[in-house]
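The lines below spell out each chain.
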Amino acid sequence: MSVILEARNLVRDYHIPGGLLKKAKTVHALKGVSFSVEQGKTLAIVGESGCGKSTLGRILTLIDPATSGELLIEGKKIDIAKGDMTPEMRRKVQIVFQNPYGSLNPRQKIGDILMEPLVINTDTPADERRDRAMTMLKKVGLTELHFNRYPHMFSGGQRQRIAIARALMLNPKLLVLDEPVSALDLSVQAQVLNLLADLQDEFKLTYVFISHDLSVVRYIADDVMVMYFGEAVEYGSRDEVFADPKHSYTKTLFAATPRADVASIKARLAKKRAA
Amino acid sequence: MSQAAATSAVSTDPSRRARLAEFWYYFAENRGAVIGLVFFLFLVLLAVFAPWIAPHDPVAQYRDAVLVPPVWQEAGRADYLLGTDAVGRDMLSRLIYGTRFSLFVGVIVTTLSLVGGIALGVIAGYFRGWVDTVIMRVMDIILAFPSLLLALVLVAVLGPGLVNAMIAIALVFQPHFVRLTRAAVMSEKTRDYVVAAKVAGAGHGRLMFKTILPNCMAPLIVQATLSFSSAILDAAALGFLGMGAQPPTPEWGTMLAEAREFISSHWWVVTLPGIAILVTVLAINLMGDGLRDALDPKLKRS
Amino acid sequence: MALLEIENLVVEFQTASGPFRAVNGVSMKVHEGEVLAIVGESGSGKSVSMLAAMGLLPWTAKVTADKLAFNGRDLLGMSANERRKIVGKDIAMIFQEPIASLNPCFTVGFQIEEVLRVHMGLDKAARRKRAIELFEAVGIPDPAERLNHYPHQMSGGQCQRVMIAIAIACNPKLLIADEPTTALDVTIQKQILDLLMKLQAEHKMGLIMITHNMGVVAETADRVVVQYKGRKMEEADVLTLFENPKSNYTRALLAALPDNATGDRLPTISELFVDEGAAQ
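Chains C, R and U, in that order, are what the protein sequence lines are.
The first sequence begins at 236 in my numbering and counts up by one.
The second sequence begins at 35 in my numbering and counts up by one.
The third sequence begins at 58 in my numbering and counts up by one.
Calculated directly from the structure, the hints in this document are not laboratory data.
The structure displayed is predicted, hence computed values, not measured ones.
We treat Cβ as the ideally placed atom computed from N, Cα and C, and that holds for glycine.
Any given hint could turn out to be false.
[Claimed, not checked] Listed below are the simulated BS3-like cross-link pairs for lysine-lysine, each with C-alpha atoms no more than 27 Å apart in a straight line:
1) U:K303 to C:K501
2) C:K312 to R:K232
3) C:K374 to R:K232
4) C:K501 to U:K261
[Unchecked claim] Some chain U residues flagged as far from chain R (calculated, every beta-carbon gap over 12 Å):
5) V67
6) A73
7) M111
8) L114
9) D131
10) E139
11) C162
12) G214
13) T239
14) V243
15) K247
16) D251
17) L256
18) D279
19) R280
20) N317
Pulled out of the complex, with its shape left as it was, chain C reads as follows (with noise of 0.2 Å):
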């Protein structure tokens, strides 16, 4: 198995100019971050908000820069700091955003949306964009009928459809998930992760899916790295993780997820009734 994407301490400070009455000031959003995840393996990366997960992801997604760090893609280091982002790097990593109500162009049809990465970054002829897009929206479960509306016509989980197709035109080996599921409804939720899985199974896709529902990490992760004030503080394969938690806020966390099984209903009711 080939490593697609390798962080060694990625680093990433905010500096807050001061103004007239406050002192300048350096946000630490992520203090030395390292892994590395393989070709079709899914690493989610849990944590609640502020923890740095979604810088970390700005970061994987090559928008921003990291302080310090490196980065490996492919075994290809890459730093878009030094400006050596080439349009074959842009091609290697996308991203699906959380919101799919913000993250689609409400002017755009969706055809022009899944074309327009092809236009900007490949010269291949409209009609093979064309087609290209089609094949796209249909292996996402929409239609060719799809192809010419626009956005707000459709639903939630339709658009986060359209996202993905979206993501996946330039044939990219990484996709960063940035919480692609929590602004779903839990039977579009299902059906997205089964197109997630599907699509990785087909394309070998390498994921990155950070989230904070402690439930979908653990149907669809094979490693996780749970992330605290910017550091990693847990980081293992899911069953390590998630059978023997080391750190104790890996257990607080666990704890505060709430459980839907009879079990636990049984036991509150019990203790309920006690009180």
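Please arrange chains R and U on chain C, whose structure you already have, making use of the hints.
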């Protein structure tokens, strides 16, 4: 391929029609807006077909009919429905031809300030930093002058005339568009779809004008309608001050200026152009309000 | 006697494309000291039915019901003024976005004291004292100091605590919580849910928990109403619902939970549940 094109035509149509229907639903809820729109369309027809509708040549002077009152007054003549002015020109014909100038002024001024304002606003809002500072400070300086005074100064520099007046007014209106565009661009810029386009590899130009700008148009359209009416008003004011259209052009403001001395003796020469300006501006403003009602909820929903 | 009684509630909205029926003949009852969870996905009308009961819907909504009564008093028949006296005092509500539900221009202390002034008519010193008590009750540390803070100076979890303090300020008989923890982190969610359950037990309040999260239902509810597309699919006590759901929709909903996944694909609702209402 042709079959695909056919399906595309079929599936686009209902979408666009539905959008239009929705737009009309919200627009029509505002009755004033509909009245404004009807009146505006009436003005457009008048302007286009002026040579066929107007009973007389607007600059022809009928020496036998100087200062004839409107037809319903004593001594009014059926030839001159709204009377004649001090040199015997038919008021009705002049007013009808005047719509041409007013609408022309509105269209040109709005287009000029809209295009300039959008370009500067998008650049300022997208790049921020010193580019933003420079552009916005210049706009602040323009805004610091009373608008008519600045227009007057510009016309004085450029020389009086309708074209120069339009350029001056466009320049004065521009900052409003710049500000509005900048604010809209700044709020759209952080949205996920813009980041997504960036991840897809889009460059600055594409991000600015193809991705962000179309999503900022609704408030700009509303502002454009409102400045359409202000442009007509300002052009009339410049005409009144002798800095706009020059006589014998039948421009409403110029007509007012020529008729100043008859204000107490022959009311129609002054009042009728005044009413024309008033009603036109009112109609367009009402229409603008309706547009805002119809376009703004859309902004909130998407 | 039931605290809140709703029979055959119908809510319609006027839209550009004609009337839209958001709630379609929903009936339910909440008793004193009971936790009722209303579960449903977006568009199930779960929030709308409660907003309708409180009279908080915009004028474009048309609300009809065979019965809509609070504590035996008919809510639909009474004047807006009378209704306002009940809503906010005897029925209180908390919302999904705690930071947005507080007015950013005023301190949280002012906002809680305003409620006490309007509904309880307390004088200044008594208001202050009661506000501090309430903040203590909802677990805000250093309450006297915190009263002078503005909403933006507090975290989402703290703001939700303030909202709860405001909601229980007048000792309401019924508290409606509309997705109270959806915008919060899991660890904070746990704290807020524990707090709500504690207050509910202490004050013997009726609590309606509107949520889409089956985990929250399992951890809080006594009885559950499942809604789908404006209709009630099932009503059962919580154990029965999870152990032995009657409606196909509930069964599908539970199967779609990743916690219950058995294979490497999740069963989806459309495979398990055919929308019976769609044919109507």
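For each hint, the structure was consulted:
no.	hint	result
1	U:K303 to C:K501	19 Å, holds
2	C:K312 to R:K232	21 Å, holds
3	C:K374 to R:K232	24 Å, holds
4	C:K501 to U:K261	21 Å, holds
5	V67	23 Å, holds
6	A73	4 Å, violated
7	M111	23 Å, holds
8	L114	17 Å, holds
9	D131	33 Å, holds
10	E139	31 Å, holds
11	C162	21 Å, holds
12	G214	25 Å, holds
13	T239	20 Å, holds
14	V243	23 Å, holds
15	K247	29 Å, holds
16	D251	34 Å, holds
17	L256	35 Å, holds
18	D279	37 Å, holds
19	R280	35 Å, holds
20	N317	31 Å, holds
Going down the numbered hints, you'll see the structure goes against just number 6.
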